[in-house]
Amino acid sequence: MKNKIFYVLVLAFLVFISFYYGGLIKQNVLRVNDFVIGNFYNIKDY
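Quick note: the sequence shown uses numbering that gives the first Met the number 0, first residue 0, plus one each step.
Since the hints were made in silico from the structure, they are not lab data.
Hints are not guaranteed to be accurate.
Computed beta-carbon distance windows for the label pairs [to be verified]:
1. Lys1 <-> Gly21: 56 to 62 angstroms
2. Gly37 <-> Asn2: 48 to 54 angstroms
3. Val7 <-> Asn41: 30 to 36 angstroms
4. Gln26 <-> Ile4: 53 to 59 angstroms
5. Asn41 <-> Ile16: 45 to 51 angstroms
6. Ala11 <-> Val35: 43 to 49 angstroms
7. Ala11 <-> Asn32: 30 to 36 angstroms
8. Gly37 <-> Phe5: 28 to 34 angstroms
9. Asp33 <-> Leu10: 45 to 51 angstroms
10. Asp33 <-> Phe12: 44 to 50 angstroms
No residue lacks a Cβ here, since even glycine has one placed at the ideal position from N, Cα and C.
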């Protein structure tokens, strides 16, 4: 029974970490995309 509780806790922890870091990665990717697209349009203007 203790093993089952431990397993559930570890699973919940992994899900939490994946959501947390997934959000951070998504924000960073969007920021990088904005930066690249902005530079691309700036270069095209010249």
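Hint by hint, here is what the structure shows:
One distance hint, 56 to 62 angstroms for the beta-carbon pair lysine 1 and glycine 21, is violated here, with the actual separation near 30 angstroms. Judged by the Cβ atoms, the range 48 to 54 angstroms given for glycine 37 and asparagine 2 holds: they are separated by roughly 52 angstroms. The beta-carbon spacing between valine 7 and asparagine 41, approximately 51 angstroms, falls outside the hinted interval of 30 to 36 angstroms. Distance hint for glutamine 26 and isoleucine 4: a CB-CB separation of about 34 angstroms, inconsistent with the stated range 53 to 59 angstroms.
As the Cβ distance of asparagine 41 to isoleucine 16 is approximately 37 angstroms, the hint placing it in 45 to 51 angstroms is violated. Checked against the given bound of 43 to 49 angstroms, the beta carbons of alanine 11 and valine 35, roughly 36 angstroms apart, lie outside it. Checked against the given bound of 30 to 36 angstroms, the beta carbons of alanine 11 and asparagine 32, roughly 31 angstroms apart, stay inside it. Distance hint check for glycine 37 and phenylalanine 5: the Cβ-Cβ separation is about 48 angstroms, which falls outside the suggested range of 28 to 34 angstroms.
A C-beta distance of roughly 35 angstroms is found between aspartate 33 and leucine 10, which places it outside the suggested range of 45 to 51 angstroms. Between aspartate 33 and phenylalanine 12, the C-beta spacing of about 32 angstroms breaks the proposed range 44 to 50 angstroms.
Hint violations for this structure: numbers 1, 3, 4, 5, 6, 8, 9, 10, all remaining hints satisfied.
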